[in-house]
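This is what each chain is made of:
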Amino acid sequence: MTLQTSQLESLEPTPVESDESSTKAVAGLSPSRLALRRFRRDRLSMVAFVVVASYVVLALLAPILVKIGFIDPFKFHQNLLDANLGGIPKGKFGGVSGSHLLGVEPGTGRDVLARMWYGVTFSLTIALAATLVSSVLGVVLGIIAGFRGGLIDATIGRVIDLTLSFPQTLMLLALSTVFVLAIQNALNVNVNLANGIYEVLVLGLFGWPTVARLIRGQVLSIREREFIDAAVLLGASQRRIYFKEILPNLWAPILVSFTLTMPAYVSTEAALSFLNVGIKPPTPTLGNILDGSINYAQSDFLFFFFPALLIAIIVVSFNLLGDGIRDALDPKSDR
Amino acid sequence: MSHAEPTPAAESAPGEQSSAAEEIIPDPGHVFEAHGQSEADFSAKPILTVDNLKMYFPVKSAGIIRRTIGHVQAVDGVSFEVRKGDSLGLVGESGCGKSTTGRLITRLYKPTAGSIAFEGTDISGYGSRQLLPLRRDIQMIFQDPATSLNPRHTVGSIIGAPLRIHQVVPSDKVLPRVQELLEVVGLNPEHYNRYPHEFSGGQRQRIGIARALTLQPKLLVADEPVSALDVSIQAQVINLLQDLQNEFGIAFLFIAHDLAVVRHFCPEVAVMYLGKIVEIADRDTIYGAPHHPYTQALLSAVPDVRQASIGGRRERIRLEGDVPSPINPPSGCRFRTRCPIARDICARVEPPLMQVGKRHKVACHFAGELGQHPATPVTTGVLGVDDEGHDVAGAQRRSDLLDHPGYQDTWLDLKTGQPVGS
Ligand SMILES: Nc1ncnc2c1ncn2[C@@H]1O[C@H](COP(=O)(O)OP(=O)(O)OP(=O)(O)O)[C@@H](O)[C@H]1O
Ligand code: SF4
Ligand SMILES: [Mg+2]
Chain D
1 MTLQTSQLES LEPTPVESDE SSTKAVAGLS PSRLALRRFR RDRLSMVAFV
51 VVASYVVLAL LAPILVKIGF IDPFKFHQNL LDANLGGIPK GKFGGVSGSH
101 LLGVEPGTGR DVLARMWYGV TFSLTIALAA TLVSSVLGVV LGIIAGFRGG
151 LIDATIGRVI DLTLSFPQTL MLLALSTVFV LAIQNALNVN VNLANGIYEV
201 LVLGLFGWPT VARLIRGQVL SIREREFIDA AVLLGASQRR IYFKEILPNL
251 WAPILVSFTL TMPAYVSTEA ALSFLNVGIK PPTPTLGNIL DGSINYAQSD
301 FLFFFFPALL IAIIVVSFNL LGDGIRDALD PKSDR
Chain V
1 MSHAEPTPAA ESAPGEQSSA AEEIIPDPGH VFEAHGQSEA DFSAKPILTV
51 DNLKMYFPVK SAGIIRRTIG HVQAVDGVSF EVRKGDSLGL VGESGCGKST
101 TGRLITRLYK PTAGSIAFEG TDISGYGSRQ LLPLRRDIQM IFQDPATSLN
151 PRHTVGSIIG APLRIHQVVP SDKVLPRVQE LLEVVGLNPE HYNRYPHEFS
201 GGQRQRIGIA RALTLQPKLL VADEPVSALD VSIQAQVINL LQDLQNEFGI
251 AFLFIAHDLA VVRHFCPEVA VMYLGKIVEI ADRDTIYGAP HHPYTQALLS
301 AVPDVRQASI GGRRERIRLE GDVPSPINPP SGCRFRTRCP IARDICARVE
351 PPLMQVGKRH KVACHFAGEL GQHPATPVTT GVLGVDDEGH DVAGAQRRSD
401 LLDHPGYQDT WLDLKTGQPV GS
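Each protein sequence line maps, in turn, to chains D and V. Mapping to full-length UniProt numbering: the first sequence position 91 is 91, numbers consecutive. Mapping to full-length UniProt numbering: the second sequence position 411 is 411, numbers consecutive.
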């Protein structure tokens, strides 16, 4: 679940070799346009992009479809279950049928496809929110540490070390009930939302140090480059140097770190469900679906297999997308 | 340089305008002679006077409490002058403090000690606000064209930035001015919309030069402007700089790590070793009759076209050992650990930079032409020490002969050991 810093270290935009410079286009191709072009040429990344884009669209559609009743992840179908076998779905393949394409849930008879579909929405929302929290914190603190240096940098460095050495899983387990209750009371929200908020906060608060380290390193390496000295010599203000000279060179590492953090949090959400942290059923998340299905891994294998496969697809495609973006932005990095 | 410099054909492919001056001279021996030698005008007024300039970088200990445990004496008391429209070459091995000197003069660094007088005003203590108007007059060309241009900016915005910052021209006049500058440095003015990565190394260096020219500086510090370039392209860029100097009368501090590059560009050359100037003289003296063993060693590494053509070749002087650390430089003469003629006095007393000719200063106890170094120290009379370097009671330092920027009218004649005048 931690981001591989080593993957990202060499993320400086490097000058492109002659294949690009020999093209005859008169208008200049900006580094981002070039990166986009390189990305489009990379088949695997394009496939990953299409896969990611499709489940993001599906996740966005799910709430609407639930509302209009097109899918129903909550309705029980006891009649589809075999009471003699302890609530295992009747029929082959976990109750696969025309109206339940991926079968029904053992014990409740809820539609598996509908639950997984809606589960993607919740899982991605949690991952996105946590990624936003850790990225914003990490980017801001990383930039400050890198820009300011000195005591501020040292202090942030200490906090990073402290955070990284903190046994977060233990804390998550030990304190979840207390904190969830506190969030519930403080924000006046239901227990499910409080669970979600708690999860996002914990993931974000423990995830930012990796991002901060990466961004700090980037800022330091950019600051060393001679175009910064050139800007100083031309009389550029500090403001101008930060915003016009350094920041444009940080978008690439920020973007890559973002796309690689997302899948890490999708799988972390699943892992946390096993530890009983996070959003609980009946609200579906990929994590709690998988958690509920693990007991049926033998008696109803497909019910366990589908959510596991979906999590794997999401994690792998996000990672491939992140790798593709990194390679496109920095063609010289070798893995 | 990590990326390969393109072949001459590729060099002129997208952005280069071909002109007669750009022709590539294949023989590297002749490369720097293309535009002839620039001549010194020693009567011109100094635009820059550097006096006893020092830069010590603190060395911190590891750990949480980072105490200062020493200092890198990157530049340790250098003095020199650059005259209006003239150019001074600053030569020395890697790590001897050339870039640091350049960065002190452009005030990217604040000196530890010493003064930097630009047009008579000491700017060594200026803060960033006071420096702002000065930025227009002192500019710098950087060593590595791959890192000196922001990859996220177009060439137009790179070259136009100084115009906008200083509001030199109204914003609708920025582009025409940028195109004009691109043309001046020999690039296609239509390429203002391109990004640095679309240019070759030589072209990027031209972009850097155009940026430095934008504010019409009076002094340009060129920090190894051609070291990262292919030999054939080096010549083009040096010729461009020479043309610019002739046209705009810009004074240059031209930094290089060998004597070959500055030979035809600089009428006066200073040789640095471990943070100090060891010899400074006009071109004829440095290349014809250097008196410092280090200069002699450096010079022996320069391929000499004339000697090669008549079959003779200077003996290559190999220096033993590594350059000592500037954190803990040797006592006395800093060159003594590698000097072939070092003696006891060299470890005991530091040789002062002493004027020994009309346009010649050298810091060596045994200063003399190669093979004719004197048997007894030439500095004893000036320093007030004996031949072993021990103080002589009642003797005085002749500070009038020592370590001033520029040249005096009297100097020490090495043959007689007496001061002489011009
Ligand atoms: N910012 C700095 N902090 C600490 N030490 C420095 C710093 N800049 C330079 N130095 C040290 O000062 C010495 C002189 O460095 P400088 O860059 O001026 O050498 P140089 O002559 O330009 O060498 P090169 O030919 O490699 O560019 C070196 O020993 C270097 O390690
Ligand atoms: S002073 Fe001594 S050690 Fe230094 S260069 Fe001269 S002879 Fe060599
Ligand atoms: Mg240097």
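Treat the hints loosely; a few may be bogus.
Derived DSS-like pairs: lysine-lysine, alpha-carbon spacing no greater than 30 Å straight-line [what the hints assert, rightly or not]:
(1) V:K54 with V:K84
(2) V:K110 with D:K244
(3) V:K415 with D:K244
(4) D:K244 with V:K173
(5) V:K60 with V:K173
(6) D:K67 with D:K244
(7) V:K173 with V:K110
(8) D:K90 with D:K67
(9) V:K110 with V:K415
Just so you know, the hints here were simulated from the structure itself, not pulled from any lab data.
Structure-based check of each hint:
1. V:K54 with V:K84: 24 Å, holds
2. V:K110 with D:K244: Status holds; Cα separation ~25 Å.
3. V:K415 with D:K244: 61 Å, violated
4. D:K244 with V:K173: Status holds; Cα separation ~21 Å.
5. V:K60 with V:K173: 49 Å, violated
6. D:K67 with D:K244: Violated. K67 (chain D) to K244 (chain D) sits at ~46 Å, over the 30 Å cutoff.
7. V:K173 with V:K110: 35 Å, violated
8. D:K90 with D:K67: 28 Å, holds
9. V:K110 with V:K415: Violated, because 41 Å separates the two Cα atoms, which is more than 30 Å.
Hint compliance for this structure: hints 3, 5, 6, 7, 9 are not met, and every other hint is.
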